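Construct all of the structure, not just a fragment, from the sequences and the given hints.
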Amino acid sequence: MRKRLGRLTRRTWVILGVVAVLLIGGGTSAIVWSTTRQSAEAAPTTRTVTAGLETMEKTVEATGALTPTVQEEAGFVASGTVTKVYVEAGDTVKEGQKLAKVDSLQVRANLLQARADLAEAEADLAGEQDSADGTTASDARISARESAVAVAEQSVADAEEAVDGVVLRAPVAGLITASDLAVGDVVTGSNGSSSSAGSGSGSGSGSGSGTPGATGSTTSSSSSGTSSSGTSSSPFTIVGTDAWSVSVSVGETEIGLIETGDQVELETADGTPLFGVVSEVGKLPSTTSGTAAFPVEIEITGETERLFDGTSVTATIVYERRTDVLTVPSAAITTSEDGTTTVTLIDAGGGEAEQPVTVGEVSGTLTEITDGLAEGDQVLVTVFTPGEGNTGGGGNGAGAAGGGQIPDSGGRGGFPSGGPQ
Numbered sequence: 001m002r003k004r005l006g007r008l009t010r011r012t013w014v015i016l017g018v019v020a021v022l023l024i025g026g027g028t029s030a031i032v033w034s035t036t037r038q039s040a041e042a043a044p045t046t047r048t049v050t051a052g053l054e055t056m057e058k059t060v061e062a063t064g065a066l067t068p069t070v071q072e073e074a075g076f077v078a079s080g081t082v083t084k085v086y087v088e089a090g091d092t093v094k095e096g097q098k099l100a101k102v103d104s105l106q107v108r109a110n111l112l113q114a115r116a117d118l119a120e121a122e123a124d125l126a127g128e129q130d131s132a133d134g135t136t137a138s139d140a141r142i143s144a145r146e147s148a149v150a151v152a153e154q155s156v157a158d159a160e161e162a163v164d165g166v167v168l169r170a171p172v173a174g175l176i177t178a179s180d181l182a183v184g185d186v187v188t189g190s191n192g193s194s195s196s197a198g199s200g201s202g203s204g205s206g207s208g209s210g211t212p213g214a215t216g217s218t219t220s221s222s223s224s225g226t227s228s229s230g231t232s233s234s235p236f237t238i239v240g241t242d243a244w245s246v247s248v249s250v251g252e253t254e255i256g257l258i259e260t261g262d263q264v265e266l267e268t269a270d271g272t273p274l275f276g277v278v279s280e281v282g283k284l285p286s287t288t289s290g291t292a293a294f295p296v297e298i299e300i301t302g303e304t305e306r307l308f309d310g311t312s313v314t315a316t317i318v319y320e321r322r323t324d325v326l327t328v329p330s331a332a333i334t335t336s337e338d339g340t341t342t343v344t345l346i347d348a349g350g351g352e353a354e355q356p357v358t359v360g361e362v363s364g365t366l367t368e369i370t371d372g373l374a375e376g377d378q379v380l381v382t383v384f385t386p387g388e389g390n391t392g393g394g395g396n397g398a399g400a401a402g403g404g405q406i407p408d409s410g411g412r413g414g415f416p417s418g419g420p421q
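Quick note on the UniProt record's numbering: the sequence shown kicks off at 1 and runs consecutively.
By construction, these hints were calculated from the structure, which means they are not laboratory data. All of these numbers come straight from a predicted model, not from anything done at the bench. Treat the hints with caution; some may be incorrect.
What the hints assert, rightly or not - In silico EDC-like cross-links for lysine to aspartate or glutamate, where the CA-CA straight-line distance does not exceed 16 angstroms:
| # | residue 1 | residue 2 |
| --- | --- | --- |
| 1 | K283 | E252 |
| 2 | K58 | D185 |
| 3 | K84 | D180 |
| 4 | K101 | D180 |
| 5 | K283 | E265 |
| 6 | K58 | E361 |
| 7 | K283 | E305 |
| 8 | K283 | E254 |
| 9 | K101 | D185 |
| 10 | K58 | E320 |
| 11 | K84 | E153 |
| 12 | K101 | E88 |
| 13 | K58 | E254 |
What follows is the structure, encoded as structure tokens:
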């Protein structure tokens, strides 16, 4: 038992000896490091600067994501079986470019029938006019025949639109983000509902509602769910790539500062600069954890190439901009205990004098001067420049400590060579 304790004791002394060396080396390193840092501290120097005119801005910063301003759902005007699909998701199309086509036999037959009905209605009207005797009953019959002709004319117009609509064309230029159509699918167009609306008592409104259907932009709402085959009546979704917007939210203290038309500077995550204007300021907030956030819509202006839906951006909304503001560096201004602000003015001969000034707003490192200086005045400013210390001294000190390492900026060190294994 005694021998074991003796061995432990000897080993303990060996370890303690190593620790002592480390402590000495570490202490030397610490001294050298401290000396090096002190020699590298910033030293004050004075420079002469000129009071100049600057543009000062007040801004609100928010984040959001790019969204295409234009998004259209394109659907057929005519019903029928799809015979050709020209594009697929991911394709870029021009306005008016062919997207798909349906069988035209039925719609052409409908056009022939509509023209025949119109001819018959016109013949009936002509007959009533020839036999008119000026009585109230005769006038009523003529009015009825005229209405029938108007309805028949609208039916012909709808049928002609349907014939043109057998080929679905892109209502806008952009990127196809969704395509749900294949050859053989049966689609239901919007011409049926437009035609029935036109033939009713409100023919004017029927014509108006039928016309948008030809562009495909309203097909989804007018025919949604009516396709017997289950195929979407708006099989293509197109997003524009020429117009973009960003939706951001700002707090209740900032919303009152922002107005429609305010300029916006934006930057994407990869540093791409963008520009825009505030197009809409929301009045209804959303509340999260008792904090109100108001929506602000920003329209992107200028270059819009190579933008992508969903790209994160940081928006800086400029709600106030003043030009030709006289400023000096804030470091040139001294404020005394009684609140008096002064600068050190340099005269033409190089002399120095304390000059009282009145300060205004601060923007970054600049302070507005509202009184006491003029553009071109020279003032003294104190700046701090790094000292001339270097890490070479630290390396030499470490060598004197027996090969130990000075901790780097991360606080890491190492054992001297030959340390315990």
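Structure-based check of each hint:
Proximity of K283 to E252 is assessed by CA-CA distance (about 10 angstroms); at most 16 angstroms being required, the pair is judged to hold. A hinted pair counts as satisfied when its Cα atoms are at most 16 angstroms apart, and K58 with D185 does not qualify at roughly 57 angstroms. Pair hint K84 plus D180 holds up; C-alpha atoms about 13 angstroms apart against a cutoff of 16 angstroms. Under the criterion of a C-alpha separation no larger than 16 angstroms, the hint pairing K101 with D180 is consistent with the structure, at around 14 angstroms.
Annotation: proposed proximity of K283 to E265 is violated, straight-line Cα distance about 23 angstroms (limit 16 angstroms). Only pairs whose Cα atoms come within 16 angstroms are accepted, and K58 paired with E361 is accepted, the gap being roughly 10 angstroms. About 32 angstroms separates the Cα atoms of K283 and E305, which puts this hinted pair outside 16 angstroms; it is violated. This hinted pair checks out: K283 and E254 have alpha carbons roughly 13 angstroms apart, not beyond 16 angstroms.
Restraint check for K101 and D185: the C-alpha separation of about 11 angstroms stays at or below 16 angstroms, so the hint holds. Proposed proximity of K58 and E320 is supported: the alpha carbons are some 5 angstroms apart, at most 16 angstroms. At roughly 31 angstroms between alpha-carbon atoms, K84 and E153 are farther apart than 16 angstroms, so this suggested pair is violated. For a cut-off of 16 angstroms, the pair hint linking K101 to E88 stands: about 14 angstroms separates their Cα positions.
Restraint check for K58 and E254: satisfied, since their Cα atoms lie roughly 11 angstroms apart, inside the 16 angstroms limit.
The structure fails to meet hints 2, 5, 7 and 11 from the earlier list, while all remaining hints are met.
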